[in-house]
Amino acid sequence: GDSVTQMEGPVTLSEEAFLTINCTYTATGYPSLFWYVQYPGEGLQLLLKATKADDKGSNKGFEATYRKETTSFHLEKGSVQVSDSAVYFCALIRMDSNYQLIWGAGTKLIIKP
Amino acid sequence: EADIYQTPRYLVIGTGKKITLECSQTMGHDKMYWYQQDPGMELHLIHYSYGVNSTEKGDLSSESTVSRIRTEHFPLTLESARPSHTSQYLCASSASAEAFFGQGTRLTVV
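Those sequence lines, one after another, are chains A and B.
Residue numbers for the first sequence follow the working numbering, beginning at 1 and rising by one.
Residue numbers for the second sequence follow the working numbering, beginning at 1 and rising by one.
None of these hints come from the bench; they were simulated from the model.
All C-beta atoms, glycine included, are put in the ideal place defined by N, C-alpha and C.
There's no promise every hint is true.
[Said to hold, decoys possible] Here are some, though not all, of the chain B residues that point toward chain A, as calculated from beta-carbon distances under 7 Å:
no., residue
1, P8
2, L90
3, E98
Turn these sequences into a full structure, and let the hints steer you where they fit.
Have a look at this one:
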């Protein structure tokens with residue numbers, strides 16, 4: 001079945017460091033891909049998305065490119081801030097399967113000042 | 001800003017009590033979901049609904065039940081709470097691809 005695998009956390013970085021959180025997926029068909037973020041004590045919110053191969057999603061300085069050849073959707077940010085500390089979830093949805101979301105396990109990001 | 005609300009935010013309750021976690025959305029979304037989030041943060045789908053009078057069990061076995069009598073309302077009920085039910089419960093809704101989440105209910109059963 002469809003699945004999402006993301007790198008284990010926690011990921012600990014210093015402020016202004018470069019961030020990469022890896023995400024790979026297995027799916028038949030043509031899934032849309034998402035990154036969600038969960039700040040402490042909150043629900044999840046959509047960070048960015050990409051709906052087809054080679055699309056780049058971006059928001060708040062974060063970027064991710066839909067790579068069909070490597071089945072990946074890695075999250076990147078050039079210079080992280082303390083306020084980016086959160087849990088990040090990679091997910092996919094298959095439009096041909098009743099929009100069921102498939103989630104990665106989440107990666108906790110800790111940014112130290 | 002997402003218009004999906006969960007109440008209560010925090011609940012501490014004794015073993016054996018019946019509880020209902022409320023979830024309401026004002027966006028007219030057909031699809032609604034309940035997730036259980038464990039301390040390791042992973043999300044587990046426990047119930048979902050694709051419309052009024054439609055409910056399905058998710059991937060994680062749960063002793064809870066849900067109902068969907070109105071589009072905007074998707075309550076989750078535990079008939080007899082146990083310490084193993086202690087967790088964070090997240091409600092979400094969607095119209096198509098993007099899911100909108102409530103702030104969650106942190107349940108502690110003592």
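So, going through the hints one by one against the coordinates:
1. P8: violated (14 Å)
2. L90: Result: holds, 6 Å to nearest chain A Cβ.
3. E98: E98 of chain B check passes; min Cβ-Cβ to chain A is 5 Å, inside 7 Å.
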